[in-house]
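As a plain string of letters, each chain reads:
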Amino acid sequence: MFEIFTDLASWLVYDLLGLTADTKLGDALHFFVEDVTKIFVLLLGMIYLIALLRASLNVEKVRDFLAGKNKGLGYFLASGFGAITPFCSCSSIPVFLGFTSAGIPVGITMAFLLTSPLINEVAVLLLLSLLGWKFTLLYILVGISVGILGGLFLDTIRAERWLQSFAAKALEKGQAQQVQSLDESVPSMSYKERHQFAKSETLEIFSRVWKWVIIGVGLGAALHGFVPDGWIEQHLGAGQWWSVPAAVLVGIPLYSNATGVIPVMESLIVNGLPIGTALAFCMSTVAASFPEFVLLKQVMQWRLLAILFAMLLLSFTLVGWIFNSVSFLM
Amino acid sequence: MLKFKVLGSGCTKCKSTAQLIEDNAQALGVDVSVEKVQDPAQIMAYSVMSTPAVVMDENVVFKGGVPSKDQVVSWLQSA
Chain F
1073 MFEIFTDLAS WLVYDLLGLT ADTKLGDALH FFVEDVTKIF VLLLGMIYLI ALLRASLNVE
1133 KVRDFLAGKN KGLGYFLASG FGAITPFCSC SSIPVFLGFT SAGIPVGITM AFLLTSPLIN
1193 EVAVLLLLSL LGWKFTLLYI LVGISVGILG GLFLDTIRAE RWLQSFAAKA LEKGQAQQVQ
1253 SLDESVPSMS YKERHQFAKS ETLEIFSRVW KWVIIGVGLG AALHGFVPDG WIEQHLGAGQ
1313 WWSVPAAVLV GIPLYSNATG VIPVMESLIV NGLPIGTALA FCMSTVAASF PEFVLLKQVM
1373 QWRLLAILFA MLLLSFTLVG WIFNSVSFLM
Chain Y
349 MLKFKVLGSG CTKCKSTAQL IEDNAQALGV DVSVEKVQDP AQIMAYSVMS TPAVVMDENV
409 VFKGGVPSKD QVVSWLQSA
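Sequence lines, in order, name chains F and Y.
Per my numbering, numbering of the first sequence is gapless, rising by one per residue and ending at 1402.
Per my numbering, numbering of the second sequence is gapless, rising by one per residue and ending at 427.
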């Protein structure tokens, strides 16, 4: 099904530009054209289809659904919803406060917010098309687990102690209240409204991520064409235990969304980087970013922020080590 | 005078929302004030979770994105 993109790239790079496959430039350029066209077409088509399906899902509904739910189930559901609910990362603070003032425990709210950047439809699509369904499934399971375990951990250490005082008050008030549906009843959407939503959603997401695809695939192409075969395997292979925490640390200042990182990850894996190291790098780039943490400062005290940060770094490192040691299963 | 508030964390979308209201108000000759609200506690008070959101005379009229031009015009003309 994807051969058409290979053919297109061959035609453009080899026939039209007259480059050959055995030059570095030709090889890298072919990789670039093939991946960019494939990803663009997939993104446009699939974001539209997925947006049609989830047109009526929004953070307000998730909040009402989670409020007053059994705690054990709550982490699981919150993390699952984090994966599929659309919201702009600039809304994290209002979402945090909205959940909190509905009396939802901090851990459950954070399970939602942690999973959200890790898993979204764009990331899943890219993984499916570049790295296959096994890796995609693995990625989704790991992402959801990080959310659930992170949330559990935060509630176990009673993280609500270290909220900023106004947020802590809102939480207390929310938990004291009888649970009630806060939602103004949303009328179900007609097909036309769904189409309208899906169209604007597609354009909005695409206009946001296309440059990341170019940058990500461009870096991937450079790695593909110019880093000698075996170099990565030799220097950053599974034998080097320190390569995982190093990948996590390198990922922190690099702030990107999943769209930009996944093409880079693909070429790293193809070039021999162990899967666990690649996963750790990807998750650290996507989920642990300084801008996000500066925003969270508005609702959390430094202490909680530091704990959260350390927790993320530790869990990504563990994920990396675990997958490097079991990668023979893949 | 119509009092608008744009709730949001100061991201690009919030700025373009505020700009959109100001521009259209000027074009229609409607007297407005547009205030950008970034304080999370205040945003919470309107129980808004998806930003940017638009508050007109203390009522939340829109949330979760940049409103369309038609919507902005209809608010301005409702005055």
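Please keep in mind that the hints were generated in silico from the structure rather than gathered at the bench.
Backbone N, C-alpha and C fix where the C-beta goes; we use that ideal spot for every residue, glycine too.
There could be a bad hint or two in this list.
Reference excerpt, derived from the structure (chain F facing chain Y, CB under 10 Å, subset only) [as the list claims (entries may be wrong)]:
| id | residue |
| --- | --- |
| 1 | Gly1140 |
| 2 | Asn1142 |
| 3 | Ser1163 |
| 4 | Pro1166 |
| 5 | Ile1324 |
| 6 | Leu1367 |
Verification of the hints:
no.	hint	in the structure
1	Gly1140	17 Å, violated
2	Asn1142	23 Å, violated
3	Ser1163	5 Å, holds
4	Pro1166	5 Å, holds
5	Ile1324	21 Å, violated
6	Leu1367	7 Å, holds
Consistency with the previously given hints fails for numbers 1, 2 and 5, ordered from lowest to highest.
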